[in-house]
Amino acid sequence: MNNTTKAMPRIAPDSSLFSRESMNLASPNAVTAVRIFVWRTWKHTSNNLFAYGMDVVLAPVLTLLIFTYLFGGAIAGSTTAYLQYFLPGFLLLTILPMTVYSGTTLCQDIVKGVYNRFRTMPFWQPATMIGSVLMDGLRYMSAALVSFGVGMLLGFRPEGGAIGAIMALLFIVCFAFSVSWIFSMMGVLVKKPETVSGTSMMLMYPLLFASNILVDSDTMPGWMGVIVELNPISVAATTARGLMHGTASTGDIAAGVGVCLLLLLLFMPLTIYFYMKKVK
Amino acid sequence: MPLAIEVSGLRKAYNGIEVVKGIDLQVKKGELLALLGPNGAGKTTIVSMLSTLIKPDAGTAFVAGYDAATQANDVRRNISLTGQFAALDEGLTGHQNIVMIARLYGYSVKEACTLADELIEAFGLSDAKDRIVQTYSGGMRRRLDILASVINQPEIIFLDEPTTGLDLQSRMQVWDVVRTLLKRGTTVLLTTQYLEEADQLADRVVIIDKGSIVAEGTPTQLKASTGGKTLSIQLQHPYQVNAINIERLLARHHLTLLQNTDPMLLKIPVTEARRANQIIQLLLDNDMPVAHFSLSDPSMDEVFLALLHTPSKEVMS
Numbered sequence: 000m001n002n003t004t005k006a007m008p009r010i011a012p013d014s015s016l017f018s019r020e021s022m023n024l025a026s027p028n029a030v031t032a033v034r035i036f037v038w039r040t041w042k043h044t045s046n047n048l049f050a051y052g053m054d055v056v057l058a059p060v061l062t063l064l065i066f067t068y069l070f071g072g073a074i075a076g077s078t079t080a081y082l083q084y085f086l087p088g089f090l091l092l093t094i095l096p097m098t099v100y101s102g103t104t105l106c107q108d109i110v111k112g113v114y115n116r117f118r119t120m121p122f123w124q125p126a127t128m129i130g131s132v133l134m135d136g137l138r139y140m141s142a143a144l145v146s147f148g149v150g151m152l153l154g155f156r157p158e159g160g161a162i163g164a165i166m167a168l169l170f171i172v173c174f175a176f177s178v179s180w181i182f183s184m185m186g187v188l189v190k191k192p193e194t195v196s197g198t199s200m201m202l203m204y205p206l207l208f209a210s211n212i213l214v215d216s217d218t219m220p221g222w223m224g225v226i227v228e229l230n231p232i233s234v235a236a237t238t239a240r241g242l243m244h245g246t247a248s249t250g251d252i253a254a255g256v257g258v259c260l261l262l263l264l265l266f267m268p269l270t271i272y273f274y275m276k277k278v279k
Numbered sequence: 000m001p002l003a004i005e006v007s008g009l010r011k012a013y014n015g016i017e018v019v020k021g022i023d024l025q026v027k028k029g030e031l032l033a034l035l036g037p038n039g040a041g042k043t044t045i046v047s048m049l050s051t052l053i054k055p056d057a058g059t060a061f062v063a064g065y066d067a068a069t070q071a072n073d074v075r076r077n078i079s080l081t082g083q084f085a086a087l088d089e090g091l092t093g094h095q096n097i098v099m100i101a102r103l104y105g106y107s108v109k110e111a112c113t114l115a116d117e118l119i120e121a122f123g124l125s126d127a128k129d130r131i132v133q134t135y136s137g138g139m140r141r142r143l144d145i146l147a148s149v150i151n152q153p154e155i156i157f158l159d160e161p162t163t164g165l166d167l168q169s170r171m172q173v174w175d176v177v178r179t180l181l182k183r184g185t186t187v188l189l190t191t192q193y194l195e196e197a198d199q200l201a202d203r204v205v206i207i208d209k210g211s212i213v214a215e216g217t218p219t220q221l222k223a224s225t226g227g228k229t230l231s232i233q234l235q236h237p238y239q240v241n242a243i244n245i246e247r248l249l250a251r252h253h254l255t256l257l258q259n260t261d262p263m264l265l266k267i268p269v270t271e272a273r274r275a276n277q278i279i280q281l282l283l284d285n286d287m288p289v290a291h292f293s294l295s296d297p298s299m300d301e302v303f304l305a306l307l308h309t310p311s312k313e314v315m316s
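Same order as they appear, the protein sequences are chains A and B.
Residue numbers 0 to 279, in numbering that gives the first Met the number 0, belong to the letters of the first sequence in order.
Residue numbers 0 to 316, in numbering that gives the first Met the number 0, belong to the letters of the second sequence in order.
Don't read these hints as lab results, they were simulated from the structure.
Each residue gets a CB set at the ideal place from its N, CA and C atoms; glycine is no exception.
A couple of the hints might just be wrong.
[Said to hold, decoys possible] Quick list of in silico lysine-lysine cross-link-like pairs, PhoX-like style, CA-CA up to 25 Å: (1) A/K190 - A/K276; (2) B/K209 - B/K54; (3) B/K128 - A/K111; (4) A/K277 - B/K222; (5) A/K42 - B/K128.
[Stated by the list, open to error] Not everything, but these chain B residues come out facing chain A in the computed CB check (under 10 Å): (6) V98; (7) L103; (8) D261.
Chain A with its partners taken away, still in its complex shape (with noise of 0.2 Å):
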């Protein structure tokens, strides 16, 4: 012990936490650990609420009124007929920037150092991953909703009812789920949150407008449209556009559905294998 008398302790030693009986914790299996994470990523958001409105609802409804009143007479017509076109992708317009919040968040754990004490934790390690990811989810879903609501109001009818809409709006939330997963391995791999969201920017904006998103491929000239229709983000416009219609092919949603799942195969583990790595 320290031979030194002249401590005074200003934090009560008899608190009960030290005398609590040391605990026989067992440590939370994969489901509880993802649970937490959720909860965690929650919590992020309801502590920060005015910057999550902006980002769902403000942001989507002014671009998309922007989007609609500035383009839709000069491109078909009449700002109706764009938004019947314009809006499915327009999801994915306003929704893919989001994934980069998965990448951003991740590298801010690991630089801030909150992500060392996870990694002394005796518990499933991918969980701090799949759990924020898994709430990015539902951010993009309320996003999607807000911003099909929105579009609804301006006149978007979806041609495919209401289960074309629902299976529209669950594709384009797996897409940028699966997208988010290039992200979160970027994460991993850089030094600064600024790193990704600077890089994904230069990724995402060329890709974003570089597709049929808002306006038909068929429009332009022929090499154009070849880039325009084999980017993966036109694949995914294509599906969404699609289902919402009900015009879908089975090809069509092939496309898409493949899309999303070799993202999702190629680049969840391997953000898990480089994350594992570097807690190993």
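With the hints as your guide, set chain B onto chain A.
Only chain B this time, still in chain A's reference frame:
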């Protein structure tokens, strides 16, 4: 006495540069061992290896009876780490942080909430518990961080520079927390750059420089080890203006000058009082008039500097 930590021949290199060069350590149960050393001495790397964050290149580390390299999960169940940067979730409140960590250790929601309230109260953070950690001061963060480290009732706590960057008052609060941990019988391995901190808290101090142990002992032993006394001489003129290189002059008489910023003050460790007389005579012979002088026990600072500026010296163990 059973050992909480037993390390032998621990080595680690990054990109071919060896930062930990064969460290042997033993920490008894319930003891506080301070790893003391300057920036870049390898302290954090050692702690990272012991707390399973990185694997050693060579050597073994047994922590709480388990091999840190191969039984990481067993080690993790028995330890806690508080790093140089508060390992907290900035976006959660203090209370939410503690609940999250308690849940991850296996407490139920209800138990976690009760425990969080109790601990926050005990660590004097009740007023701030519902504020987001982003708004906390440095001292509050560090206290919450250490609080988070005791949730799993660990046998061993690693505190990696727990007070770096804190003001004196916050530092003393952290020291109180550490003393409370020791009263509970927790083994603590603390790294620090502050000698005063080691002097205040540690049962034993291991001084590390450039990846190797340079000295080991209790604070008292270390102070005694440098030869017992320090001679402080106040000169009448700054010694730099003098033509004679004072360090070389002293070296010729097997004496070393301790670094300090005052150009009119010389601090020289001496083995016996008789040497003081010789040194003063030496200065006078070289036209350096002495204003006054004193002979005293060395501070930990002087021990530290003396050790870092002489080639490896086994003090004792």
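Against the earlier hints, flag every one the structure doesn't satisfy and list their numbers going up. 4 and 8
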